[in-house]
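J.: Next come the chains, spelled out residue by residue.
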Amino acid sequence: MTDLAATTATHTPAHSAGDRVWLGRVATWIVAVVVLAMVLFPIYWMIVTSLKIPRDILRTPSLWPHAFTLENYRILIADKGFLTNIVNSLIVSLTVTVIALLFSSFAAYSMVRFRYRFRGVFGRVILFAYLTPTSLLFIPLSVVMAQLHLANSLVGLILVYLTFALPLATWLLQSYFRSVPRELEEQAMIDGLSRLGALIRIVLPLSAPGLAAVAIFTFTGAWNELLLALVLITSESQRTAPLALNYLITSDVLPWGPLMAGAVVSSVPLMVLYFIAQRFMVVGLTAGSVKG
Amino acid sequence: MTDATIAPPRRRSYRLAAFAYFLVLPVMVLLVGLVGYPFVYAIFISFTDAVVGNAGKWIGFANFAYLAQNPSFLSSIANTVILVLVSDGLKLLIGLGLALLVNQQFRGRGIVRSFLMLPWAMPGFVAFLAWRLLYQPIGGGLSLALQALGLNLGIVDWLGQRPTALPSVIVATVWRGFPFWFISILAALQAIPKELYEAARVDGANRWQQFWSVTFPGIRLVVIVTALLSSIWTANSFENVWLLTQGGPSDATMVFPVLAYFGMQTQRIGEAASVSVATLPVLIILVLLATTLMHRDED
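Taken in order, these protein sequences are the chains called A and B. Numbering-wise (the numbering used here), the first sequence opens with residue 1 and increments by one. Numbering-wise (the numbering used here), the second sequence opens with residue 1 and increments by one.
Calculated from the structure, these hints are not laboratory results. A couple of the hints might just be wrong.
[What the hints assert, rightly or not] Examples of chain A residues toward chain B, derived with CB under 8 Å:
1. V26
2. L36
3. T49
4. P54
5. R55
6. L58
7. L63
8. I75
9. F114
10. L193
11. V253
12. W256
Everything numeric in this text was worked out from a predicted model, so none of it was measured. Just so it is clear, CB atoms sit at the ideal spot from N, CA and C, and this is done for glycine as well.
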């Protein structure tokens, strides 16, 4: 608002400039509050529904629960065995994140630091792979995984999740590595480190915020994935969190209470990550879409 | 610096190149195997009558000829086009508006920004399950909230009737997707040097002229790239429609990824693959545009 104040002050009498600043601020606040209400209401509704007594949800709908209960969470965990699904999701997402971070940092470093034939081609391959949608790949991938006898296993799921994790991680890491000054590495190598040593001891620590952001994006992508899991996983014991919730909505009467409890539980890991690492994520996201 | 002259240059650069290839190799091998091969394979089987467990035989364009008269496919294409154009248009307007809002100095803007990002930070499947509940005719939060605001529409089955089904899917998709636009545009706005605005003011430009001469050029590239990326993702999104309506009622919200998934459940994978492959020409154009813009300042 200081910009606006400066502009108007030069062209109009001082008191009306003050009024306009004040009015602008009020308008900004009103818009912000209305938008926030629209953004937050679905989240509020999800949480409140998960805390309502199951029979209240449809029979006596209300914006505020008549009584709070953790019954839905008990049903979800004790009767539906949702913790198994959360553990499966954690195994898959963490493994995908570690593998993607390791291989992608090697590849990104190579493409940023060295000049060689096919480097440009590799860069294109990364981008094309990044933009190739799962909706095209899920049918052939299910055939390939069946041939490899990896269908219906978490290992198979980890492997197919690399289709989006590797390109995303490599693409994002390239822009982080570019910002590490080459001189630092050269100095370290003069001091006796090998190339690989320079990568591990100099480049990676200096890119730590970038690595954190990429880890979160990769984890999030794997945590949220539904289509490939739906196609590949057939047995109940191997279901991930989104898959388990998906199967809760295939019945005629939807168990909204446990379903929303599951939605809340599935959101917790991502919300924790988001509030810890918001700053990194915003930088990572924008660096990933457009550099500069 | 002396070792450069001691080591034979050719040998040294050869070893460096080998090292560079070695580093990039695992990612390339995995991507060729897990993206490249399936990509080609999808195109190949779309020209066959393959079923699960049987490679089938080459049938030329028969699958595509069948699609061209399949009402589900035709509505899935129409719905996908509407979904992409309307929801990405809305995401642009909302994202730009909110980015301009949050780009101002006011108390609490950090909190506003954090909360605006929530729909994007939470899992997509959670978002769409929450919206499915909101849209329930009885016990859904939307009708209750509208009632509380004085808008009593009675019992509306938002997702269950033709006129409201697709708009409802679009609203949920916009809710989930606008933060990506918002944060991308906001970052671009913050990268515009303040001096440019001062210079424009010195030249006598009003707010509107400042927007077109300074703000707009500053965010144009970001908006274009975001539009391309978002269109690709929206066009190929599965979980929004799947979790809200599964394409119903009677194909009113059918989109091609859901249709391909249904096709796969019939075991006729050749025919199912042709659904996605049929959309490839458009996808390839979007991807080429996006990669060219994203790759541009790299070398």
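J.: Please go over all the hints and tell whether each is borne out by the structure.
T.: Hint check:
1. Below 8 Å, beta-carbon pairs count as interface contacts, and V26/A has none with chain B, the closest being about 10 Å; its hint is therefore violated.
2. Against a cut-off of 8 Å between C-beta atoms, the interface hint on L36/A holds, since the closest Cβ of chain B lies about 6 Å away.
3. The beta carbon of T49/A comes within 6 Å of a beta carbon in chain B, closer than 8 Å, and the hint placing it at the interface holds.
4. Taken as an interface hint, P54/A does not check out: its beta carbon lies about 11 Å from the nearest beta carbon of chain B, beyond 8 Å.
5. Against a cut-off of 8 Å between C-beta atoms, the interface hint on R55/A is violated, since the closest Cβ of chain B lies about 11 Å away.
6. Hint on L58/A holds. Least Cβ distance to chain B is approximately 4 Å, under the 8 Å limit.
7. Against a cut-off of 8 Å between C-beta atoms, the interface hint on L63/A holds, since the closest Cβ of chain B lies about 6 Å away.
8. Residue-level restraint check for I75/A is violated (minimum Cβ-Cβ distance to chain B is 16 Å; threshold 8 Å).
9. For the restraint placing F114/A at the interface with chain B, the shortest Cβ-Cβ distance is roughly 4 Å, inside the 8 Å limit, so the hint holds.
10. Because the smallest distance between the Cβ of L193/A and any Cβ of chain B comes to about 13 Å, over 8 Å, the interface hint for this residue is violated.
11. Taking 8 Å as the C-beta contact cut-off toward chain B, the hint placing V253/A at the interface is violated, the least distance being around 12 Å.
12. Restraint check, W256/A versus chain B: the minimum CB separation of about 6 Å is within 8 Å; hint holds.
Hint compliance for this structure: hints 1, 4, 5, 8, 10 and 11 are not met, and every other hint is.
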